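Going down the list, the sequences are from chains L, Y, G, S and V.
Per this note's numbering, the first sequence starts with residue 1, numbered consecutively.
Per this note's numbering, the second sequence starts with residue 1, numbered consecutively.
Per this note's numbering, the third sequence starts with residue 1, numbered consecutively.
Per this note's numbering, the fourth sequence starts with residue 1, numbered consecutively.
Per this note's numbering, the fifth sequence starts with residue 1, numbered consecutively.
Treat the hints as calculated values from the structure; they're not laboratory data.
A portion of the hints provided could be inaccurate.
Using 25 angstroms as the maximum straight-line C-alpha spacing, the simulated SDA-like pairs for lysine to any residue come out as follows [claimed, not checked]:
| id | chain 1 | residue 1 | chain 2 | residue 2 |
| --- | --- | --- | --- | --- |
| 1 | G | LYS94 | G | GLU387 |
| 2 | G | LYS170 | G | GLY199 |
| 3 | G | LYS342 | L | ASP116 |
| 4 | G | LYS158 | G | ALA125 |
| 5 | V | LYS384 | Y | ARG65 |
| 6 | L | LYS131 | V | ASP32 |
What you are looking at is a predicted structure, and each value in this text was computed from that prediction instead of being measured.
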Amino acid sequence: MNDMRIADRTVSTDTAKMTARGVQVYYGENHALKDVDIDILGGTVTAFIGPSGCGKSTFLRCLNRMNDTVAVARVLGEIKLDGEDIYDKAVDPVTLRARVGMVFQKPNPFPKSIYDNVAYGPKIHGLTKSKAELDQVVETSLKKAALWNEVKDRLHAPGTGLSGGQQQRLCIARAIATSPEVLLMDEPCSALDPIATAQVEELIDELRSQFSVVIVTHSMQQAARVSQRTAFFHLGNLVEYGETGQIFTNPQDPRTESYITGRIG
Amino acid sequence: MNDMRIADRTVSTDTAKMTARGVQVYYGENHALKDVDIDILGGTVTAFIGPSGCGKSTFLRCLNRMNDTVAVARVLGEIKLDGEDIYDKAVDPVTLRARVGMVFQKPNPFPKSIYDNVAYGPKIHGLTKSKAELDQVVETSLKKAALWNEVKDRLHAPGTGLSGGQQQRLCIARAIATSPEVLLMDEPCSALDPIATAQVEELIDELRSQFSVVIVTHSMQQAARVSQRTAFFHLGNLVEYGETGQIFTNPQDPRTESYITGRIG
Amino acid sequence: MTDATSQTGLPGAQPRKSLHAADARTRRRNASEARFRFFGAAAIAISILALIVLLTSVLGNGLSAFRQTFITMPVALDAKVLDKSGTGDIEVMKKVTTIGYAKVIEKALTAALAEKGIATDGLDAKQISGLLSQEAAASLRNQVLADPSMVGQTVDVKLLANGRVDGFFKGRVTMDSAKLDSNISPEQLELALKMREAGLMSVSFNSGFLFGGDASELRPEAAGLGVAILGSAYMMLIVLVLALPIGVAASIYLEEFAPKNKWTDLIEVNISNLAAVPSIVFGILGLAIFINFMGLPQSAPIVGGLVLTLMTLPTIIIATRAALKAVPPSIRDAALGIGASKMQAITHHVLPLAMPGILTGTIIGLAQALGETAPLLLIGMVAFVREFPGAPPEGFFDPASALPVQVYNFTQRADPAFVERASGAIIVLLVFLLLMNAVAILLRRRFERRW
Amino acid sequence: RDNIQIAGSSTVLPYATIVAEAFGENFDFPTPVVEGGGSGAGRKKLCEGVGENTIDIANSSSRIKQSDIDLCKTNGVEEIMEVRIGYDGIVFASDIGGPDFAFTPADWYNALAAEVVKDGQLVPNTAKTWADVNANFPAQDILAFIPGTKHGTREVFDVKVLEAGCKASGAEEALVAAKGEEDGKKACLALRTDGLSVDIDGDYTETLARIAANKNAIGVFGLSFYQNNTDKLKVATMDGVVPSTESIASGEYPVSRPLFFYVKKAHLGVIPGLKEYIEFFVSDDMAGPEGPLAAYGLVSDPELAKTQEAVAAETPMGALN
Amino acid sequence: MSIGLITLIVLGLAVLGFILGRQRALSAVKGDPRTLHSLPGYYGWSVFLFTAVPALLLLVTWAFVQPIALNSHVSAMVPEADVASYGSTQLVMADVRRIADGLDAVARKAGLDEVGLEAMRADLTDMRGRLAEVGVALGSNVVPSVLDAAKEYRSLSGELRLAMSIAVLLAAVAGLLFALWRINPKQRARNLVEQFTLVLLAGCSLIAVATTFGIVFSLVIESVHFFKLYDFRDFFFSMTWNPQFRGGSDLGLWPLVWGTLYVSFIALLVSVPVGLMAAIYLSEYAGKKVRAFAKPAIEILAGIPTIVYGLFALITVGPFLRDWFAQPLGLGSSSSSVMTAGLVMGIMLIPFVSSLSDDIINAVPQSMRDGSFGLGATQSETVKQVILPAALPGIVGAILLAASRAIGETMIVVMGAGAAAKLDLNPFEAMTTVTVKIVSQLTGDTEFASPETLVAFALGLTLFCFTLALNVVALVIVRKYREQYE
Ligand SMILES: Nc1ncnc2c1ncn2[C@@H]1O[C@H](COP(=O)(O)OP(=O)(O)OP(=O)(O)O)[C@@H](O)[C@H]1O
Ligand SMILES: Nc1ncnc2c1ncn2[C@@H]1O[C@H](COP(=O)(O)OP(=O)(O)OP(=O)(O)O)[C@@H](O)[C@H]1O
Ligand SMILES: [Mg+2]
Ligand SMILES: [Mg+2]
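Okay, chain L solo, but in the shape it has when bound:
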């Protein structure tokens, strides 16, 4: 694996931003996730890898309670954000999701203008007091998403008119406009071409200075490129979790090893 470009491994020393303990997920009868314990660190990109159907997306969606919208899903165990249980009765999932944003596999901009796409979050959460402030937020978010230069002249053009990579960056801008603390990304590049992928990866690396980023990916190369920590899932189990460099160069578990050497998956 020596020819893989491994991102520099300066792991932030922050304490855990989110902690999961004994998380189990059932879809009806299907036990999709089995007893997952994990700490997501602040200021870090964490990658979830593993073969198809192993429960990566499922776990990711537990982190901002998107699984609440699936009628058959049942989540057990404890997940804390800054020490507060997010599955507590008193927690409003809507507020939670403003703090733990999400970007999806397929770019899904709203069929509205670019501006409205980004401004939507701040608007519904009442984050700004004036139009000028909102403009400011939109601009900053687009800049952070490395999209500002490409779209600043057509903020009122439809967001769906952008190319795939731009759309995905727009979705990222939309997610960071509500200034979340954690950003979850479910295979954000799988629908993109190589150039767009490279741009988004670069972006993820920059975002890490402000947010914790959790990214699900099918491509080990991508995990190696962008993440500092990697978790390997297999058949609903968290098999191994550790620093990316270590996972890719020196996996402890035989399953991890066969996966990253291409024997399975």
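Following the hints, complete the assembly by docking chains Y, G, S and V with the ligands onto the known chain L.
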């Protein structure tokens, strides 16, 4: 790439089963495939790799004229099967497709029984004379697809009730029941879990003794595992084509190299 | 891979032939393909042929209703007859009934004929005045009462000709049929011909058909659709205002919020059942609930509107649910992922995207309601209504008719002149339906933001 | 409510609309709303109670029934006025191009009944053509369009044609002998079911359209309908009498019935114009022999003057006799 | 104050509450909306709802309860003897209410004051005449006790109305103040408003259920009357339908059901193949242009009023079938027949089958087609062996919908099939259907309280059960296949 398991490289010495010269494909204005020349050898597994949108599927679908069903698609150039131009006016695509079979990315069994799924091709092409003969074909095909043991007791259960991997093998059985000469497979494992993937890969390796197999895959490991020859596409161009071992260990083109080392894609 | 080791060739495998030589089987298959295709085209052809036959028969019968024969002549409004007190007092003038006016017109017609030098041999005064519609006197009376200063002058007035005369010019009545007809004689028709040559009689556009009220069987030539059009419009307004919001609200609940359990299943069966319940049953419902139980007035658009609302609701709900279902879940996910509540995701994103589908469904439902006859028969909408209903909302409680009912009504009348009017009413109805469909298409285009 | 509301018989409906139209033109009151819906439904609505949301007048092609009066009583409608407006003649007509017929009720009975007397024997009816029924008739296939059982006209047809014909042809005697008094009389009304006698639930327009489609059929019409379509229909005589307003008024033509409307007395003097409307209806200008109703086909009542008096005096109807 | 006015005032207060609530929420956080739980507007809405909803609910309840309470109080005032002359308390109360209304009108018209009204005496003034002058119809002369009751009714209802206005307005103000007082930045205003909206939405979806109840209720009541007059065994098991004008009818259901089924069957025989083939052609073969033209053209067929089809059946199709088929084949000479109605109804139903099937066929995933083409199937083979089976549940649903249309259709049958109720196999015979008889029995000249008329309701009920069964079957079929294939 030394830790990749490379399938044994015994390349059949057959002459080319199919030859393509100067193939260009347009989707409306979009020039999707640019001047592709390739020889598909008999008794060989040929893998098409390349980043998303580079035209792998497009070219594959040219080989049995499935692109005829896309209204906007226009195919130029020449493709020959056993020396006969398949785009000739006199050629009935229906006959062609019986000889060049296809398996798709998502398993798409018909909403019929397992038996009817497999018997469909032989029936419409009138390949069998009696029910007994048809039974025989179904059995042989299912055996070849390594599915017989799993389904022989429920041949009249719906094919859609099988698991994903079984469904995909059912689709393969369905395709080989018409005894085609070439079998085209478009990412046949991308919707399958690792175990099912392994089974299908093994199957592909065995099929090669009777058919030419062309497989599109996103996973370089898979290409390495199952194919004898590999073609690398990039932005509509056929960048490099050669023996799999050589492509993976000693690529001639810098684009190929960056792709298989994970720098792009 | 033990299975695959049995490497026997497939029994069906046949020696390969050239791609170019189509064998008999291929030819047969291609022939069957062609046949199938032909059946499909034939099915389309049959449907369109049926449409053409129906439309031509309606248009052929009904277009003539939009033209009407009029008699234009000077009428001397004799003050002695029409204003006995001589003071121009309206109340006194109202005492003169249409019978009095009929006499004035009769005199004027004789005079006009004499002036043009048209011989009227063999026809008595009653037969001559029989060329005029009975409506003529009423319309003249209304004109005079509207402008009493006309009395004493001679004014040019345009009066309706009798339905049979009108039918003669439209080809419905012939000299032969007139011989047998107890309501008109060939001599009268001869006279009508002469009057037309002399410019006393002419056929022109009949605005009364679109804007006038209904008329009794004695004067088919005066019957119009005004009240029916207005009644239908009121009902559609009620249906739109009630069925659209209720239907959309119900669909949102059922599609997005309702837990999937036995109860929602029940509601679902119930709604699809309502969509299929014969419309006549809704008439019975309307009669029992709205008229007998709630005491709403008979023949009023409000009752018709409510019945049609209940009838349209399932259609709208089904269409709306389909439209909501068609909105990609990724849009919902996107909104939820940013922290929008479910309600916000739906109102901000899903509903606008589903709008074209909802509107199309609504308009289809409305169109169905517009053409519906059977339930209205049971709630008293098949009435003879000559007065226009008032402006809404009070007008909703005034008696009115409705277009399909008016068609039904016309088809029941004895005088053959009503046949063309029934077809004419159908044309108006079809025009409305087409307009609504066009609006549906336009709206769909408008809202369909394939960004 | 400022308009008069009327509902009921579709036979009376055209007359009522003619009057309503003229009333609206010549009076300051709005044109009354006249609804069809059938005599039964009209009477039921009349008897639903007193008040603004009930109708004022029910048109009826048959006399009110005791059950209706009882319903009225329970709903507080104590007094109703019965107004007979004239007579409706029922005629038998065929396509204008066909032969002339001179019927008797017995001919109709022998043509349409389920069982007829042949050579003194009661036998199922097998007559195919009119010539089988009566040697004087042409050999035209029997096909009769008669009013459906929902129509009041059917009652008249049953009584004045079938029952009379049953008696005249001697079938009644035979039937009573075979089935007993009550069932025998009922059997007089049983029609053949082989499709030669067709019930029409729709209107006379439907009958006319059916005759246009079956040129050799004979249909039952109202006199007024026939008078408006003399160019398409040829009328048959009954017992040798040609139907006309005169022959019906004089009682010569046998198949006719009185038409009525019923007024809710409590509404008189309350609903504006109601009194005027009913007086206008029965006035000589309207219902008289020279009036428009007669022109349209209503056989005016020879005792119209009596009706006018009763209306003027607002005499309520007495007990049914 | 009238109810409308009170409603308006309450709504006005609610709007005021909205503005105040919004402001209060903002001022609670010194104008910084970020620290609020919900957007300020939601706080406004919460106050709006607290103001309007309880007050309006109170209003509605009061409006329902007041007349009941008032009636029982006032009716006690009328002595038994007078009640007896009316027949029932209900009628007395109807008169009391009419007189009370009339007194208002009299007062308005004559400019009488309360004292003047009190002084009116039934035995001294011609009350009936005076009331008639103001447009209030009374069945008979006014009894003194009833007049007194009416006066009491009038004054009491006035007082109650005033009390109601005060109570409702108090409720509104209280709600407004309470909601305002409740506002604090932590309050989950959005959740509250959304919860309320949800209840509203759920309420709307219940209207459909209520409609069904209404239908069943209105049908059952009169059906019960019918079965009191007519033995249900005769209705359900008799094979003859022969209503008589003067009673003694046979009202057996089966000839009508048979006619209904026969006509519907023929209609489906026409519409299903044609509609289905049209749908297949449109979705699988036709080019964009043909589709753009043919699809709406076929759909126009659905918009043509059924009466037009009826006339078409009567005038054109009927004679044609008789002259070219029925007579040459010796199957009778009736121009109106099951065949006529069925054919024409079939044409009407084509768009129902074709539109729905078209949608359903288009919904079959492209991967199915690809799979079949990839095996070398021709287009027709693909359609027949893959697409149709896959679309089958949906198509069955479409066909069943068309079937319920056919069963419920009235006009075409009236004109095309005639009115003869009989059990016959010959499709060239005239027959009739349930719906036709519902209309004709309900609008006939027979008296209303007779079984001949009331049978319409029993028929309606039967028809309703029939379509219900059909729908349940459709649902079961669709569910079953869906489970298998998805
Ligand atoms: N909505 C759902 N309902 C039922 N089962 C589900 C649902 N979503 C996922 N599953 C099941 O849960 C398991 C884990 O799925 P998940 O989507 O988390 O896998 P994944 O690792 O994200 O796979 P992929 O790489 O294909 O996205 C799978 O067996 C899947 O079938
Ligand atoms: N039916 C179509 N209509 C129009 N454009 C198409 C169509 N199918 C493919 N294309 C375009 O053709 C190009 C090549 O697509 P193709 O599907 O062959 O790529 P691919 O290499 O198979 O990608 P992937 O790995 O994502 O399957 C792309 O730009 C794609 O957008
Ligand atoms: Mg996933
Ligand atoms: Mg592809």
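Evaluated hints:
The straight-line distance between the Cα atoms of LYS94 (chain G) and GLU387 (chain G) is roughly 19 angstroms, inside the 25 angstroms bound, and the hint therefore holds. A C-alpha spacing of about 17 angstroms is found between LYS170 (chain G) and GLY199 (chain G), which places the hinted pair at or below 25 angstroms, so the restraint holds. A C-alpha spacing of about 19 angstroms is found between LYS342 (chain G) and ASP116 (chain L), which places the hinted pair at or below 25 angstroms, so the restraint holds. Distance check on the hinted pair: LYS158 (chain G) and ALA125 (chain G) sit about 20 angstroms apart at the alpha-carbon level, within 25 angstroms; holds.
In summary, the hint linking LYS384 (chain V) to ARG65 (chain Y) is supported, as the alpha carbons are separated by about 22 angstroms, within the 25 angstroms threshold. For a cut-off of 25 angstroms, the pair hint linking LYS131 (chain L) to ASP32 (chain V) stands: about 14 angstroms separates their Cα positions.
In summary, this structure violates none of the numbered hints.
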